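Asks: The listed protein sequences correspond, in order, to chains E and Z. Here my numbering is used: position 147 in the first sequence is 1388, and no number is missing along the way. Here my numbering is used: position 127 in the second sequence is 320, and no number is missing along the way.
Keep in mind the hints are simulated off the structure, nothing from the lab. Predicted model only: the values in this text are computed from it and were never measured. Please note that the accuracy of each hint is not assured.
Stated by the list, open to error - Derived pair list, reagent style BS3-like, types lysine-lysine, alpha-carbon separation capped at 27 angstroms: (1) E:K1982 / E:K2007; (2) E:K2017 / Z:K269; (3) E:K2002 / Z:K271; (4) Z:K271 / E:K1982; (5) Z:K269 / E:K1982; (6) E:K1531 / E:K1766; (7) E:K1604 / E:K1723; (8) E:K1672 / E:K1688; (9) Z:K339 / E:K1279; (10) E:K1576 / E:K1604; (11) E:K1766 / E:K1576; (12) Z:K298 / E:K2002.
Spelled out, the chains give:
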Amino acid sequence: MTNHWVDIKNADVILIMGSNAAENHPIAFKWITEAKNKGATIINVDPRFTRSSSKSDIYASMRSGTDIAFLGGMIKYALDNNKYNTQYLLDCTNSSYFIDPNFQTARDPNHPGQFSAKDTWTYHLDDSGNPIKLDGALEGICPVHGTACGAKTVFTHLKDQYSIYDATTVCSITGTDPLVYGTICQTYCDTYLDYKSATMLYAMGWTQHTVGSQNIRTATILQMLLANMGVAGGGINALRGWHNVQGSTDHGVLYHLITGYNPSPQNIWKHSILGAVGTTNSFLDTETPKALDPYPSVAPASGNWWGNRPKYVSSMLKAWWPTIDHNISYQYLPKRHKDMSHISLFEDMLDNTPDSPRTYPIKGLFVWGTNPGVIGSDVERERSALHNLEWMVVCDLFETETSNFWKRPGVDPVTIKTEVFLLPGAAFYEKKGSVTNSGRLAQWKDKACDPPGDALDELEILRRLGDAIKSLYSGSLLDRDKPIVDINWPYDPRLSTDLTEGISKEINGYYVATGTQVTNFVGLKDDGTTACGNWLFSGTWPDAGNQMINRDPIDYHPAQIGIYHKWGYSWPLNRRIIYNRASVYQTGSNEGVPLAPNKWVIWWDAAANAYKGDGDVVDGYATARPSAYYPFIMRNEGVGRLMGIKGLADGPFPEHYEPKETPLTANPLTSGLGPLSNPAVYVYPGTIFAAPGDPNYPIVATTYRLTEHWHGGAMTRNLPWLCQIMPEPFVEMSEELALAKGISNGNYVIVSSARGSITVKACVTKRFKPLTIAGKTVHQVGLPWHWGFAAICSGDSANVLTPHIGDANTRIPEYKAFLVNIYKV
Amino acid sequence: MPATITMIGGISLTGIRLLIDTSKCIACKACQVVCQQWHSLPSEDTNFTGTYQNPPDMSGANLTVAKFFEIAALSKVKWLFFKDQCRHCEVPNCQQHCPFGAIIKQTDGIVRIDPDICNPAACSGSVNKPCQLACHYNIPKYMYVKDGSSVTTDMRKCDLCYNRFGNLSLPAASQKPSCEATCPPGAIFSGDADTILIQANDRVTYLQANGFPNANVYPNQSGVGTLTHVIWVLTEDPAVYGLS
Chain E
1242 MTNHWVDIKN ADVILIMGSN AAENHPIAFK WITEAKNKGA TIINVDPRFT
1292 RSSSKSDIYA SMRSGTDIAF LGGMIKYALD NNKYNTQYLL DCTNSSYFID
1342 PNFQTARDPN HPGQFSAKDT WTYHLDDSGN PIKLDGALEG ICPVHGTACG
1392 AKTVFTHLKD QYSIYDATTV CSITGTDPLV YGTICQTYCD TYLDYKSATM
1442 LYAMGWTQHT VGSQNIRTAT ILQMLLANMG VAGGGINALR GWHNVQGSTD
1492 HGVLYHLITG YNPSPQNIWK HSILGAVGTT NSFLDTETPK ALDPYPSVAP
1542 ASGNWWGNRP KYVSSMLKAW WPTIDHNISY QYLPKRHKDM SHISLFEDML
1592 DNTPDSPRTY PIKGLFVWGT NPGVIGSDVE RERSALHNLE WMVVCDLFET
1642 ETSNFWKRPG VDPVTIKTEV FLLPGAAFYE KKGSVTNSGR LAQWKDKACD
1692 PPGDALDELE ILRRLGDAIK SLYSGSLLDR DKPIVDINWP YDPRLSTDLT
1742 EGISKEINGY YVATGTQVTN FVGLKDDGTT ACGNWLFSGT WPDAGNQMIN
1792 RDPIDYHPAQ IGIYHKWGYS WPLNRRIIYN RASVYQTGSN EGVPLAPNKW
1842 VIWWDAAANA YKGDGDVVDG YATARPSAYY PFIMRNEGVG RLMGIKGLAD
1892 GPFPEHYEPK ETPLTANPLT SGLGPLSNPA VYVYPGTIFA APGDPNYPIV
1942 ATTYRLTEHW HGGAMTRNLP WLCQIMPEPF VEMSEELALA KGISNGNYVI
1992 VSSARGSITV KACVTKRFKP LTIAGKTVHQ VGLPWHWGFA AICSGDSANV
2042 LTPHIGDANT RIPEYKAFLV NIYKV
Chain Z
194 MPATITMIGG ISLTGIRLLI DTSKCIACKA CQVVCQQWHS LPSEDTNFTG
244 TYQNPPDMSG ANLTVAKFFE IAALSKVKWL FFKDQCRHCE VPNCQQHCPF
294 GAIIKQTDGI VRIDPDICNP AACSGSVNKP CQLACHYNIP KYMYVKDGSS
344 VTTDMRKCDL CYNRFGNLSL PAASQKPSCE ATCPPGAIFS GDADTILIQA
394 NDRVTYLQAN GFPNANVYPN QSGVGTLTHV IWVLTEDPAV YGLS
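The shape of chain Z in the complex, shown without the other chains:
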């Protein structure tokens, strides 16, 4: 796919894009578990709070969390799922605010934090670090609770499994993000950025004609501020998912 193609409802983008199609997601949380496995992250303490969503949010131990939303309209119930994670912004605000230059934007668009450079304890006396305050989506985290004690880590977020792409120690079918490789219903796709956006727009068109009039691409990719390398197909307005 040439990078110069003119997009409908989106600006052309080079590199990788990941599409999460919530109309196919069954919230099985396989993505959460495989993410912890690939990144060798520990479990954290949780308890049942009245929702299937657990852990309640991302943390130093969990880089992605499936979020659950129950809505009722016209006596019909809907149970919506949103696999939350870093959007990998084309213009990452977090990167601009990191005092140590620990946040790297690769040429393929992947935004990741170098754990050898990041040092949350040294970068700010505040609980909320500059990159967290800068993030529009409240993504990066550096703490979790384990066995009743708070654990501090380097700042963590989705790295799009950057070291799986082209990793010849993995089978060809696995050289993509671990969540994509694992997703049972096939709701996650990665590929050339523009191709993936076309796929997302096509899916939205299909869904709008088949019972989901509010389907949309999120973030909407309409301007530089919302241009991201991770996008979602949502079946309802972003506000229903608590997204702005």
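So here's chain E without its partners, still in its complex pose:
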């Protein structure tokens, strides 16, 4: 979240789209309800009418997988009706920046539905290499080269890109009622006014598509057009599920990241040495952005916070290997050699068969607190991949479909060679430590009780594992063993004798020479004198002690916007709303005055030449006046990107593409002239899909989760109370589809896709309706995916049906849109 849970109460309009807050984030509804009580309008867009829809003022149905069309039409509405915030666009975004003259949007007739070559997705530069922008206007002629160069601004390209996303076209793609769509466009875009804000609450409904990253991009464009970024009640807010999933990605659990959203080194020549900024062909030089200040070069300047990356990476290396020069210990980090996302790992395992062994096969797998035997897409394919492992370790509270894959129905255990170990872990109340919620708020908790039996806190399991591995390598003088021999395990002994606290203090960081804690990441250095496990959390445990344990329930912010600075600690630097520099006027006579004074976040008092007290922590350069720095300090040009520069694989602007499996044979946006589905996705060899418009699988399906169960179900399908309130899997369908198929409510039905079939009960409901898509009737169904063959309440897994294909950028699987057929048993 750019904002945080409590801040939802400040919104004038709340768009719940790609998420289902009432069912999957019930606590969020505390704040949605509070906003509603103050008069906010709740809009919900979802393929089916959910418990969130039931509490919304406006509900719109849509076909799963058409979010870019839906949001793209809202962008066009805002542009056509002058409902965008010109001053904000000029001051805070790249709207007025010129783009390479050779760039063409997906509206160019020579390549409909696709953009010009990727090397044109760049700023138009002057002779000094500075991007050229207009002052005080969104559109115009290049001030350096005149009309001759033909360069256009981002804003001009944006208007061109979305020129065909009119409401009629959009609704023929999404199936939404045009009247409702018009109401949503108007209601949402009316928040372009300075004093209004709207928030977007999304989750897996936006990400789990072959266009997942671009769904989010479309949302950010709209939020910037409406001046909704950085302000109270605004932002792009990913609702994250498990209470620490935010913390897990913050700490580098994703394959392409090390801690604090620094990139993981790759096996490429540019990453061969750590180096420094300005060093040829080094990791830090390649990965540290240089400030990109526009022509003409006048204040404000780009803050370019990622220019500090060398300090953060060097300090992380010192935390892990304090006695080793960080230029040497950089060599200890593994260098990834390819995409190692979830699907790719399972495809690699699958690919290693006795008949065609891989040269470097994946021999073993650790599975911690996840259950790919239920939550993997094309899940029988993923279960089968486990057959090819030599060993697998599962750490969980219960036996799961993953740990039990070798004795699942239809499999003869004798044929499975994989040796499986089950380590009993601890539930959240059986261990102490911090958890970080979606709002980036780290909160410390104590342990309520010990885990039962042989179960252990996972930190203790990891410590024992590390100790055992270290002892195996002790005394080795081989270079290849040094990463293990030299590692600081489990943490610097000067910090504490308590494992959890010691690691937390290492994450905060300390001075290597003295062992005293650093105050926060502003004190980190790239010269090896500081150690810090994760710069984002630096400040959580300074010398003054653990800040995550703070529990003062008073909101000291004068505008009572729910900042609660003395409750827990929010990264970075206890800032609750990031990009908050964008919440005030940037220049001129009203510099520093909030766009919305009644719900101000920060307020620069010109007379006092200082920010008012008890506001939020100012985003970067805390004492610098607004006009000193551009507000989006994490971008090297300092402004928000309406157009993505290089960035994503599939384009600098989002474009509607059909899901990989679609009931249509031509992309209706480009009248069939452009690509049907996302041309930038990777299709794994051997994966199976229904053909476009496949008559055998005419029904659009989507998957989701319910309030009553958690994700892969290991934690909830073993709890009798929760099994009782949602005992079995089902498929939701409209009364119209049920009638056509002769299905009654509660009947057993077979749902089949190109990959497999499952038997579940029918939930016939008024909450699904057939849609009219490009002139034809399309039915949609939905399946919750929690179930599997293990646990005390079991049932078929919806993911037997889902495709093994991912987003063009992240490769998150397309769980949300695929094709099925349905028969009564």
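Please build the complex by placing chain Z on the supplied structure of chain E, with the hints as guidance.
Replies: Here is chain Z on its own, set in the frame of chain E:
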């Protein structure tokens, strides 16, 4: 709040009242689970019957159940939720019909069944016991099914977590019914009976002016027969929820 205040649309009542605001309920069933936890009740057997509502009704194992209603009007769908439970009548008919005097009405208005006195097997040969037949709302239950077998219990219903009020072993914020303490959107409130009724009437007025013309307080509190210590704010006519 003085007990003598003259109510608009309601008779003055002393003691505790619980308000369940269905316009805020998201039917997450946290109230069901926490109720079983506080009362140390087991799960019962269920299966999916075509609705999210589960268990289908109250039982010896479940003292409250969120009920789901789908309606469609003018091409708009509504999904209504009703957290069903004992109303805690000011004049509890069940109490008057209990042959053993097992049903207690506390001075704060809470109506509860003493499990040490209640004995369904002894009180009537009929499957439906006198208190059940007497209840206007079909609330008390004494059976459930577990692992395929029928289990008989003492007669059970909501006791408004009477032993949480003023319970100093709980944090101050938790000294109220467990469902209220747990409800994520804050749809449940307890407090002084008249204050809560004013709150309910205010909410109904607000809802009627903001898209819910049929909003009402249920039971309507207009006479002794419908005067209760648990009330609901409904967004539709009670009949839509199958209530009379």
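Asks: Hints the structure violates: just list their numbers, smallest first.
Replies: Those not satisfied are hints 9 and 12.
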